[in-house]
Each structure stands twice: as C-alpha cells, then as structure tokens.
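Chains as they are written, first to last, in this note's numbering: chain D, 1 to 346; chain L, 1 to 346; chain C, 1 to 346; chain V, 1 to 346.
These aren't lab readings, by the way, just hints derived from the structure by calculation. A quick note: this is a predicted structure, and the numbers were derived from the prediction, not measured. Treat the hints loosely; a few may be bogus.
Since the list can't tell identical chains apart, any single copy or any two copies may satisfy a pair.
Using 20 Å as the maximum straight-line C-alpha spacing, the simulated SDA-like pairs for lysine to any residue come out as follows [what the hints assert, rightly or not]: (1) Lys224 x Glu165; (2) Lys223 x Arg74; (3) Lys304 x Lys343; (4) Lys224 x Tyr31; (5) Lys118 x Glu157; (6) Lys224 x Arg74; (7) Lys331 x Arg282; (8) Lys224 x Gly167; (9) Lys161 x Leu299.
Number of protein chains: 4
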Amino acid sequence: MIRFESDYLEGAHEQILNRLLKTNEVQTPGYGMDEFCERARGYIRKACDMENADVHFLVGGTQANTTIISSILRPHQGAVSAITGHIAGHESGAIEASGHKVLTLPSDDGKITARQVKELYDAHWNDVTHEHMVQPGLVYISHPSENGTTYSKSELEELSKVCRECGFPLFMDGARLGYGLAAKDNDLTLADIARLCDVFYIGGTKLGALFGEAVVITNDDLKKDFRYMIKQKGGLLAKGRLLGIQFETLFEDGLYFEISRHAVDLAMMIREAFVEKGYSLRYDSKTNQQFPILPNDVLSELSKNYSFSFWEKVDDTQSVVRFCTSWATKKEHVEKLIEDIKKLDR
Amino acid sequence: MIRFESDYLEGAHEQILNRLLKTNEVQTPGYGMDEFCERARGYIRKACDMENADVHFLVGGTQANTTIISSILRPHQGAVSAITGHIAGHESGAIEASGHKVLTLPSDDGKITARQVKELYDAHWNDVTHEHMVQPGLVYISHPSENGTTYSKSELEELSKVCRECGFPLFMDGARLGYGLAAKDNDLTLADIARLCDVFYIGGTKLGALFGEAVVITNDDLKKDFRYMIKQKGGLLAKGRLLGIQFETLFEDGLYFEISRHAVDLAMMIREAFVEKGYSLRYDSKTNQQFPILPNDVLSELSKNYSFSFWEKVDDTQSVVRFCTSWATKKEHVEKLIEDIKKLDR
Amino acid sequence: MIRFESDYLEGAHEQILNRLLKTNEVQTPGYGMDEFCERARGYIRKACDMENADVHFLVGGTQANTTIISSILRPHQGAVSAITGHIAGHESGAIEASGHKVLTLPSDDGKITARQVKELYDAHWNDVTHEHMVQPGLVYISHPSENGTTYSKSELEELSKVCRECGFPLFMDGARLGYGLAAKDNDLTLADIARLCDVFYIGGTKLGALFGEAVVITNDDLKKDFRYMIKQKGGLLAKGRLLGIQFETLFEDGLYFEISRHAVDLAMMIREAFVEKGYSLRYDSKTNQQFPILPNDVLSELSKNYSFSFWEKVDDTQSVVRFCTSWATKKEHVEKLIEDIKKLDR
Amino acid sequence: MIRFESDYLEGAHEQILNRLLKTNEVQTPGYGMDEFCERARGYIRKACDMENADVHFLVGGTQANTTIISSILRPHQGAVSAITGHIAGHESGAIEASGHKVLTLPSDDGKITARQVKELYDAHWNDVTHEHMVQPGLVYISHPSENGTTYSKSELEELSKVCRECGFPLFMDGARLGYGLAAKDNDLTLADIARLCDVFYIGGTKLGALFGEAVVITNDDLKKDFRYMIKQKGGLLAKGRLLGIQFETLFEDGLYFEISRHAVDLAMMIREAFVEKGYSLRYDSKTNQQFPILPNDVLSELSKNYSFSFWEKVDDTQSVVRFCTSWATKKEHVEKLIEDIKKLDR
C-alpha cells in the first residue's frame, strides 16, 4: 500500500532527525528560552524581512489557532472564517471552547474575498440589533486553503486593506504555508505575508518536522503576554528546544522551501495524469493536495494499491477524493501511481 | 405613536402589579425558597400534568437558554438549532461564551424537522473524522419560532421520537409559549409539551409579567444541581419571590392563557387586514407576530403613526416588517391600524 | 417571626412601586434605550459628579460582577480579591466560568490594603516563572465589604494610587453602597468613588429596589462595547425601563441616601444593644450588617422570635451571627429586638 | 556549567531516538490510530494489570490536566487540589480557562489527606448556601508531588476510599510517576494506582521521552468521547505515532522503570551529601527532586559550576533550592557535585 491520504504520514526529514541526535545531550533551559529557539527565531525573522516580529513555536495547528484567536478577541467577538475553514469545522469546537463564535462566510474553494469581509462588516454595524449579535473581531484565512487553493498577492493586499479599514486583525493559518509558496503561480513571499497579515504561522508538522508551527506576530498590538496564552492553552513545550532545533534546520539554508517544491512538483505530476486521462478536478489546486473527481470503479481500482482520502460524494457514480504529496513522498511512488492512472479503462 | 414593534413595550398585567403591591411587606427567604415560588411551581406542575417536574424561575430568555444548554452539554458537544434560532444569532454569543458551538440547520420558517435532525445525526456519526468535529448534544427549538410559526402535535411527536432515538435532549424555548398555545390551529397542550420535551420554559416577559421565564425540567437526568447553574449564570434572583408572585398570578386561574388569546386574536385581525388589502405574508404565523411584505411607500405611510420592526429587505421596492401584539395591546389601537391599512392606496 | 437574616426580605420601596404602577402603560423601546433609563443615567452621573461616565443597569450582583470582570480581563489574567470577597466564594464559580481565576488576598475584615496589592504585583513580576502563573489583571473590592466594614477616603486613595501604578483597574462592588455612604464615620462621596475607581456599581436590590445594580464606568478604556457584554451574560433586561424607573426614583430626590441612613441608624441601635449587654462584635461594622458573637443559649433564645443568619462557629459554646437591617426594616421591630436583648440572662 | 535545575534539560533516551530513526519512513495513519500507539497501549495496560483501561497519549502535562479535568467536571464543579498543586499555581489559569475553579487544600509537603477531602466534602454539603459555592467535583493529586514526596499504598487506599464515598473521581498527575515508583520506600505498583485512581497519567517528558504523557482511564464512566476532548484542547498530535513509538520503547522491556531508578539513585546520593554536611532538607523527598536549605554563601559557591532552581527564601541568610536528577543525569556530574559539597566551608 502506497499512502497518499495525508501529508503527515511519515516522521521527519532526515536532517532534522540527525540534528536532534547530535544535540541530544546538550543541556538547555526549558520552554523555548534556549539557544536553538533563539537562532530559529532569527532565521525566521530574516526570512520574513521583519526584525521586530515576535516568533513563538507551538506544537500543532489547532493549538496555534486557539491560542492566537483567544489571545486577540474580546469575549463578545468572533472569528470570521470561510465555512470550509479548519477552525469552522475540524477542531472539535476548540474556538467555541475558548468562548468565541466562528462567523462563517460562504466559500466554494476555501478562500474568502475582501468584498465578503466588507459586506459582513457593514451588515453587522448597520443592523440596529448589532449589540445582540457576535461582533466580528478578526479575520482567519488559510493559505493554502483546505482545498489547496492560494491567495494571489493582489488578493491578499485587498483583503489586508479591507481588514485594516475595518479594524480586523488578519490571521493566516499557514499549516501548509511552504506548499503555497512553492506553487507555480505563486507571487507572494514570506515578507509579503508578514507585511500584509497581523499574525500567521509557518507550518512544520506537514513540512518536514516531527511537529511544530512557528507563529509570527507582526502587529505590535498583538504581542503582549502571548507566552502566558501559550502556557494556558497547553502549548508551551517543556523541551522547547525540540521546536527550535527543527525550525533552525528548516530555515538556516532554505530546506523548508526546497522540500516544499519537491512535494508540489510531485502533486502537479499527479494532477496532470488525472487531467490527461480526462478527469475533472474539484478545486484548482496548484499545491500539494489534489482533488480529482473519480468514478466509483476507478476508486475501487486505485484503492487496491493506494490510500487516499474521501472528500465528498458528487452523485451515485462518482466522488471527489484527495491525494496528498509531502516533503517525504517518493518520486517512484508517484510514477507508479501515474502509470496506474494511465492504465485505467475509460 | 402607537407601538407594535415588540411584545415587551409595557410593564406588567395589572393583576401582577396589584399582587406585588399587596405582598410587598411580607418577609420571605431569598433565592426562590419562598412560599410564592412554591405555590407557583405547584400551579405549573399541575398545568403540565407532571407532578415530579422541576420548575425554576429565571429572569430572562438569554439567561435561561445559556443556563439550560450549558447545564446539559459536555464540552465537546454543541446545540442543534435552526439557523434562525435566537441562540444562533441574537444572544451576542452567549452559548459560545459558555463553550459550545451552535450547530445550525437551514430553515425557511424558523422550524426544524425530525428528518433534519436524523440526517445531522447520521452525517456526524458516519464521518470518519467525527472526533474532530463538534458532537451534536441537544436539540433546541423555539415554539412559537422567531417567525411566529408553531409545531403541530404530530410534528413535535416526530421530533421528540427522533431526539430520543439519537440520545439528544429536546429543549423548547417558550419565550412566547402562551401565544403558541393560543393559536387557532394549535393542537398541543402544556402536558404534551412536558411529555415530549426534556426541558422547556414558559415565557413570562412577553406574556404579562414584568420579567421571568419558568423553566420546566421533565427529564430526571437533567435535574441535578440545576440551581448551582442558575446561580453561576447570574440568574438566581435575590428576591426570587418576585418571580413566584408573578407566575402564581399567571397560573392560578388561567390568566396566562386568557391574555395570550387576547394578543393572538388581535394579531389575526391585523393579518386579515393586510391579506384583504392584497399583501403577502412572509411567514404563515398564527401567533402574535405578523410579517407582511410591504412596499416602501406603505412603510413610509404607516410609520407616521405606528412603530413596527424592520425584518428584511425583499428588493428595492419592498420589505418584510414585523407587527407584534401582546397581552397589553389595546383593541382600539389595532382597530385604528386596520382602518389605516384599509385606507392605503393600492 | 421578625426577620433580620438578610437585606432582601421584602419587595421594594413604595415610591418605586407607585412609579411602576403609574408608568405601567407607557410604551417604550426595550433594552434600556427608554427615557426612564436615560433620566436615571443623568441623575447618577450628576450624583457622581462625572458627566461622561457610562451608566448601565443590570439585574443583579453576580451578573454585574461577571460582566464587568470578564469585559476587562484578557484570558490569562485574574481578578485580585479578598479571600472573603463575594466573587471568591459565593457566586458558584461565575468568574471561573468566564475563564478567570480569582487571586485571593488574606483578609480578616473583608478589606484589602494598598500594600497587599503592591506586594502581589511585585511577587508576580519578580517570579521567574510568572508566565506560568495567572497574571493579576484588576482589583476587586466590596464597599461595604461582606463583613460590613468600609474603606476610608485615605485608604481608598492609597489603593487607587497603587492600582494605577500597577496598571490594575480598580472595581468596587457596591451591592450595599448606600449603607457604606450612610455610615457615621464615612468620609467618602459618590464623586470620590467615581474619581478613585475605574468601575463600580450602586446596588439597588438591597436598597429599596425590587432588583437592579447601576454599573458606572469611569475609565474610558473600559467603556467600549459594554452592552454586548451585558447581553452575552444574560443581563440586558428586555423591559429595561423597569431598571430606569427604579433608579430614577432612588436618585431624583435623594431617596437612596435617605433610606440608607434609616437602615444604618437601626443597625447601630442593634449594635449598641449587644455591646451594652457585654457581647463582642466579630467585625467593626458601622453599616447595616452587625456580627455579634453570641453564646449558644442566647442564640436559642433569640431564634424563637427572630431570624438571623449563622456566620461562623467560634467554639463549642458560641458563634458569630449576622443581623441585617434594610431600607424596609421597621423601627418597632428593632425596638422589640433590643428589648429582648436587654432581657437576656447574662 | 552542569545543570540540575530541572528534569527536562536534555533530549530523549537514545533507544527512543534510535527507534524514531528506524521507523521514520514507515507510513501510518494519523492521530494515534497507528500500530505503534496500539502496541504501546497494550504494554501500558499490561503494566497496569488492567486490560480494559483506556490509554491515550498527549503531548504535555498542562494539556493532560486540562483535558482530563474539563472532561470530567460539570460547569459548577471544581477540582480539589493541594495549594501547591501544579494546576493551582503553575498552569497560567488553564483550569479556570476551561471554566473551573481549583479548590485548594492547605499542604506543607505537596500531599493531601483522606481526612482533608472528607472535611471539605462535609463543609460543602453542610453549608446552607452550598448552591452559591463551587461544588467539589474531583480530587487531583500529584505523585510524586511538586515537592518530591509520595503517597504510601495505605495513604492512597484511604484517599481512594474517601473519594469513592464522596463521589469524587480521583485523578493522579504522574508527570514524574516513574521517579515515585523508583523511590526506595515505595510500596505502590502501577496496578495499585490503576485500581485506586479513576484516571492518571504516566509522564514521559521528564522520564526519557522527547515529550508525552500516557493518560490511563480506568473508570468506565470517564471514558466516553475522550478523544473529542483531546482534539478540542489541542492535544491530538497529527503524527500520533511519535507518542506511540516513545511509549512502546519505554514500556516493552521495562526501560521506564530502569531509567527512573537511575535518576533516583543519583538524587539520593545528592541528598546524602547535603545531609552529611549538616544541611536540612525542606521536604523529605525520596525521589529525583531534592530541596536542601542552604546558606547564601553556599548558594553563591555552588552556582559557579552548577545550575539549580530557587524554591523559596527562608530568611535573609538562607533559601530552599531544588536539585533535580533525571534519566539523563550523568553519574560523574553527580560525583563532581558531591565532591564540591564536601569541600564547602561549614
């Protein structure tokens, strides 16, 4: 069985494991106050071209989302998100458990627009009963989205502009950020993202690390006391060095970007194979997740040798499924899959 | 200006005020442990034909909803509600502030169906990632709904049956319950509601009282420690007697039902007037709220002498508005309104 | 049975009931946007000598405490309170349910000192692990305290000064504020309190009203969006006018101060009677609550005709109990009690 | 600088790192549904002699405490803990952020007694105002405690008995559990703990793992839907295998117990050295944390070559400090420390 069902199927990039081995006996203070974290923070600030950004390392995405959102919002405020956003549907109510509603916007492809945000803002403040409603307090986007789609530079600029006009901090969930930056048509840099967002994170779990997300806070107003929040939400790793060592490895020589390109190149090969065979794609993803619409018999055939994940039923004869590549995907596995796609009856 | 914008425009029914005056100097223990509350609880149990129901008096609806829902759910569970439900949109995030998501079902008229609940249940448990989602934990309905519509006995029986099969307590928000029971086509009794729901409340604020909602818990599993929850949520009135006195007055001789009929009769007169004049109704309400769709010029004309509330825009030329009657509405005011409706150009 | 067990045994002052009757049929908008509330807010601002204070009316004390505290604090912060404070022990965990720890300071008499606050501040910030602890975020005091004691002007000035140096908003729970202002040795005015505190409330429930607390926010930084918070915490009364009418009555001609003096005068008579008979007082209260230490046989004797509340056991032979007077206490009842105290064997 | 300041100074035991390397390319499903976790659960159940226990792997201690406590308690309940408990003082309010008060019991050595629990239970239920107070809902202990002390079998049996009589689930925080089991005078087994507690966890972070705590739920009533809770609290690691691999390594051949003994043996050597030199110990710890009371000049002298942590000031001339050993402490480092202790002037 060759697995394509997610991008967290393996351990970590070997350079990371080697670094963990090499540093294993070094004694350090806990909770991220060690030299590895300090260096990693420096590399990330540099990559973001923002020397005064605050950088914090957390273990996982749900934890990062909850910590950031609950740190920013006042109790009567909610987080605006695409209906498809991870916080809206796949965190077992973590945001609500911290006291806040997720205010959802319709989205067919996982993205939201500046216009939608402005309309939501207007709708709230024009409603005479707005004090009886949850006040929108920040905007959450994911890039790439859960559907593999990405924001262009001009889209993100517009969104950022509207958010600033409305007084909404803009928060980008970058659990798969590297794969977005590696997309063929990408015109965004980390520095653009740092400039246009108020807070975002650079995902490690899905991009070469054992685990870990690097939260970057660029808006000074959001920096205060963030470590208390990390501790309260259970995210202040005792051996914080583990996060520092991993992000140091990923960012000191561009490894993060290199392995992201690897995954995206392989994903595009899979995409091409399905398209050439005449299958449609549910979303126009240029990143590491591909969503072909496949007939039931093809699904049966492919599932003999490959795992992938069910996304949604289209009708009784076909469904959308997801194939993921990652930093760890082997080219020969993808080639074998492509060969098998070519052999499909159609 | 004659006001029809809501059903809480005046003070209280005169019998209630008189009783408050008469009992004013009686000394009682606090927090609902007084003789007035005890008698009122007895009257309500009798009206519900359920001698072992627990009856608690709270000050208002948002408080009652939050106290009940947060008392029932475990942290990973949410409350299922019509998208139009009061808890979904008009309580400033009170349910989320208690840690729980409101899981919304589409609804055009404020009601939800047994089938929708069953489908939601199946969708949750059939999803392989259900542990990453909010688990539905109870079903919230309002009767009458925010749109004035009501459940028939057979609809409520079906809903109750499905809820029990799915293990969902069924909670009825009865902020306007009297007006539902007074609807011409109503075939539900308080005893039916007590039998079919696990918990519900009988609204006083909108039906003759200064304030107050009588929560009736019929399911033994939901009774434990409810008074702690009332206290924690700020709803344990020091002078609890005030609630007892009011509900005693409303329930000892059927006053509650009588004043509800008064309001509904007047609302039906308004309904008829609009219909006869050729206007459509947005919802088929047989209760004290009426939702005519009116052209802009009619709205301007009527707003000279009457207040009513804006509901939603239909298009550039017409909108839905709401006219409410209540226990306090004067027949002559309604007659004047009807006269003015008749005079409208059309 | 003559009751002295609490200060919420009766209904409301007759002027309030009369005003409720007189205004009963007036139609008003809901949620505190009516003319009565507007006038009441004006009277209170004037009594506080602070024209730009925000004034909000809530139904009860636990609700007011939770709404204020959760509106001010960020998630990692706690409320500093005397260990005896109402929020620390008698609100069923309402503050914790809003996500915040109550950081308690020892207190023998219900009060805390400027020095204690400063030491707590220093202890927190000097602890190298402070990011692992709850950060103190505001200071809560009650005046009079749960033990009937009050702050002098110089004590409150010191406390206010230290709080401002430490960046802690100072919040005064004034559930019995009138009784504090009526104390013989009181040198504080409402204007002093408004100047020295950042937010406080003027209790109505225990001082002539059926219910109601008037929250006064004097610090501009704490004013924003407070009405959303009231709604979320279940405190936005539909018929908000009821609160306006009551506070208007209490504050338009000084009724609030007059009835407070009445209660305190009677309490001092009770105090004198116990002292003259040779009994000690647990707290040096100059307000409406008196805490004599009485032998068991005296407790038995007095409880034949009077109710009072048990406070704490001193040893096997004697206990502290509480006698409360209020705006409603009848002088003849106090005289009868005093006579019976005089008759006690000793 | 040789560090003794904590027991999380290094990476992980080499067998763990080797296992991570060896399994790195194996593809597994996420979130703890992999074969490594399954095997690790089996080993732990066996070590606990309880085949039907539920075993879950979480990343860290604060996360485990919050997830367990918020899963068990209803909103009006609190967790009973020694005043020194980790949840009471060092989790930045995590328990309160989940809505619950920590009800503290005095403790000089980090432990609480069956008698204290029973008295708290009685005090709550005998108080006529108990509905206005936080209801105790579970008992939290740590073993070893924050002060290095441990419960004997008879102490734990008594505590367990009282908890069951009072209806309180007994929860043991075992962040350092191995060190407790390795204490010379220990008479408890994992099977005893599983039998006497309702839920507990076996700490990995401080005992050989990179990170990780194995939560063992033995009480059937507490098992339901625990994975939703883990996800909501941010503890469901995407690459859950990492936890499985680590605990498999620790428990398949007794490595956990072996490395715990190593640390405790070294700690006892340090203890002896201080005692022989004539210094007192603040707590009678037989585990890996030692708390000598040392004069200021000794502290200065030792801090030239060793790090240790400040615990509390005794007076102007001496303080309590903490020396920790761990699975990773080198014997030669301890020998060097002992030599230097011997050389101290006294």
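Outcome of the hint check:
no., hint, result
1, Lys224 x Glu165, "between (23 Å within a copy, 18 Å between copies)"
2, Lys223 x Arg74, "both (15 Å within a copy, 13 Å between copies)"
3, Lys304 x Lys343, "within (14 Å within a copy, 72 Å between copies)"
4, Lys224 x Tyr31, "within (17 Å within a copy, 32 Å between copies)"
5, Lys118 x Glu157, "within (14 Å within a copy, 44 Å between copies)"
6, Lys224 x Arg74, "both (15 Å within a copy, 11 Å between copies)"
7, Lys331 x Arg282, "neither (24 Å within a copy, 60 Å between copies)"
8, Lys224 x Gly167, "both (18 Å within a copy, 14 Å between copies)"
9, Lys161 x Leu299, "neither (44 Å within a copy, 38 Å between copies)"
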